[in-house]
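Using the hints provided, position chain B relative to the given structure of chain A.
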Amino acid sequence: MFYRENGQFKTTYKSDQQIFAVKQDRIAIIAIIAFAFIGVPMLADEYLFRAILVPFLILALAAIGVNILVGYCGQISLGSGAFMAVGAYMAYNVFMRVEDMPLIVALLSGGFFAMLAGIIFGIPSLRVKGLYLAVATLAAQFFFDWLFVRVRWFTLDSPAGTAEVSNLSVFGWQIATPMDKYLFVLGFVVVFALLAKNLVRGPIGREWMAIRDMDVAASVIGIRPMYAKLTAFAVSSFIIGVAGALWAFVHLGSWEPLSFDINRSFQLLFIVIIGGLGSIMGCFFGAAFIVITPIVLNQLLPWIGSLFGVEISTAMVGHAEFMIFGALIVWFLIKEPHGLAKYWSMARHKLRLWPFPH
Amino acid sequence: MRLRQLALSAVVAVAALTSALTTSLAMAQAPVQFFPSLTGRTGAVAPNAAPFANGYADYMKLVNARGGINGVQTLVEECETAYATDRGVECYERLKARHGGATVFQPLSTGITFALMPRLAVDKIPMITSGYGRSDTADGAIFPWVFPLLGHYWIAGDVVLQHIANRSGGWANLRGKTIAVVYHDSPFGREVLPIINRRAEMHGFTVLALPVPPPGVEQRAIWLQIRQQRPDFVIMQTWGVMTATAIRQAVATGFPRDRMFGTWWSGAEPDLRDIGADARGYSAVMMQHGQARDSEVVRQILAQVHDRGQGTGPRAEVGDVLYMRGVVGAMLAVEGVFRAQERFGRGRHVTGEQARWGYENLNITQARLDQLGFAGVLRGPIVTSCRNHVGTAMMRIHTWNGSGFDWSSDWLQADMNVINRMVTASAESFARDNNITRRTEPGC
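Read top to bottom, the protein sequences are chains A and B.
Going letter by letter, the first sequence gives residues 1 to 358 in my numbering.
Going letter by letter, the second sequence gives residues 359 to 802 in my numbering.
FYI, nobody ran anything at the bench for these hints, they're computed from the structure.
Among the hints, erroneous ones may be present.
In silico SDA-like pairs for lysine to any residue, Cα to Cα no more than 20 Å straight-line [as the list claims (entries may be wrong)]:
1. B:K482 - A:D45
2. B:K482 - A:T177
3. A:K10 - A:Q24
4. B:K419 - B:G401
5. B:K482 - A:I175
6. B:K419 - A:E311
7. A:K197 - A:M281
8. B:K482 - A:D180
Only a predicted model underlies this, so the values are computations on that prediction, with no experimental measurement involved.
Pulled out of the complex, with its shape left as it was, chain A reads as follows (with noise of 0.2 Å):
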């Protein structure tokens, strides 16, 4: 009723062009980005920022970019924690080493050194494909592993090895309580998310997924494959770059090469599958559904049980949370292989027809 683009006749090349061409999807869209930074910081508490929301954006954000290379280039990578790795340990070294250094200028300088190593280990994929390439990005993740733990000059030689900073601040404003570091990441987020929706409905984004839907056709109607495949690992990696220096900077503040292990590649990719493959707004519903299942569960069964005046062990709970989380990926990913990201798609689609479905 209220969602129908009827009648929204596009008269200039710049109403054409706009990221979001529906007038209704504009409005949601703001009013998201809106409530994001206005309504969340009223009702939102400590817990919830600090444990749930940062992180939930932080790797929302990280999976944007394992989306591009994985959902619209469909170069399966593994490496996507090395990524996140370099860009914390690259944007600490600058911020550390450069003296007053700005914050914005050093998390983006992550985002770049991860950039060149994305490329780096990118080359392989202008040979291998699929499974082969996924074999050939887990060096990525074992040689940064290595690097970060073994060459002491990337930890300023802390004598255990780890990373930290404090006291964060961009132009006078420090970012110290949990609703700053929200509302820091939440822009990043914001900024980036936008610019990844631009992209990937532009030249290079169609690009993208001609190569990912079929190489050779895709080259034969004069797509570089080697200039495709490596901008996608490019602008993924600086994204995942940037992500993992906020990972490190703003939620950890103190961190070893463990959190960026093989365990956050997986993670990040069980994200974007989950999200949906090919789809910004997924990784999104991805990340939320990987982040606070998770931590709803563990919360959840010990109450349940008290409903019912059983006492659940800290251990069951532990190992119930697994279990049924395992089976809900499965039970997801039964009822709808595309991911979440589908069911937002179908939304949108009832409720053009709603309330006179034909």
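For chain B alone, kept in the frame of chain A given last:
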């Protein structure tokens, strides 16, 4: 239709969650002293971390049976981290404000310790990291909120080396020898290296550093390397299944167990029980306590907690090394509150900030330890101050006899002249990097 079901179940889930939150708020009314417990009951470290959590919970119940902390009852709530840093952070955030505010955290993981350290000062909650975490936090003037009570990695490493030197007939005889260090490849494992390298410089032995990637179930290559290079001694800074695997590999490659020494996370029953007689001769340094099945405090826990059906773990494990570590951790946490109550009001709930004062001004005498049932378990006095967040540097070595542990050394004291210099240097450099200024109150 499917969408409606989905929306409905989402609403139900949200409603359930909010009511769960409100019930936990309502419970916070009773005046209790809340001790959160971050557990590792699942995952690769579960056999070692679960007894700690059991001991921690049981001692708190014993305190309540004895009448609480001057009448204030203790309360433990657990949160499972599975030794993962991000879950540890989530647990910390979840528990810190519950039940009138957390008194003190003991995360039992170096990774979680590192991640929580920047948050402590903001939330005003102290943390006890007995035998783990950062060694330089012993300097309370730079790390006011962290208390490595009873000792840290550098103290333990120093004592192991002293024991090796004593067995070899003095430090001088170590010259030219090779000592291999098998360590958990994480900040936890690496923290032991500075003291060993320092001692190597002083006494002229060679260090062979052998990192093991966690969880450490695959160590064949490392032990083949050990067989090849034939070090004179092996020091193990390992945790969880890594320790048992290492000793199995030592058996397989024929490295003599009586020349292997664990630090205090690498010498407990779960590591050795299954290997049994083959592990005989393996030693580990203990920050004071070891197995203490016939101590008074264990007798009391059995009588007043387990016999009343309130025990937390299996009764058979009460008095084991890691169970006792939980008991000792809980005792230190409670004694700090006793001390804080002396200043801020007897029989009153103390905040985290007040408890911090208590931990910094501990004076647990031998008489007090005896009174609490720790005679023969711990050795007093444990005295802390702003400059000294450790309290004591006395340790013992115990050796596996095939089915249990025997003490194999006298009390050994780490050389604090060496260690304090390292602590100060490291803490100072941390302070410089992070723009922290040394506390300047009197006595600091």
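Here is what the structure says about each hint:
{"no.": "1", "hint": "B:K482 - A:D45", "result": "17 Å, holds"}
{"no.": "2", "hint": "B:K482 - A:T177", "result": "14 Å, holds"}
{"no.": "3", "hint": "A:K10 - A:Q24", "result": "15 Å, holds"}
{"no.": "4", "hint": "B:K419 - B:G401", "result": "26 Å, violated"}
{"no.": "5", "hint": "B:K482 - A:I175", "result": "18 Å, holds"}
{"no.": "6", "hint": "B:K419 - A:E311", "result": "17 Å, holds"}
{"no.": "7", "hint": "A:K197 - A:M281", "result": "9 Å, holds"}
{"no.": "8", "hint": "B:K482 - A:D180", "result": "19 Å, holds"}
Hint check: a violation occurs at hint 4 only; the rest are consistent with the structure.
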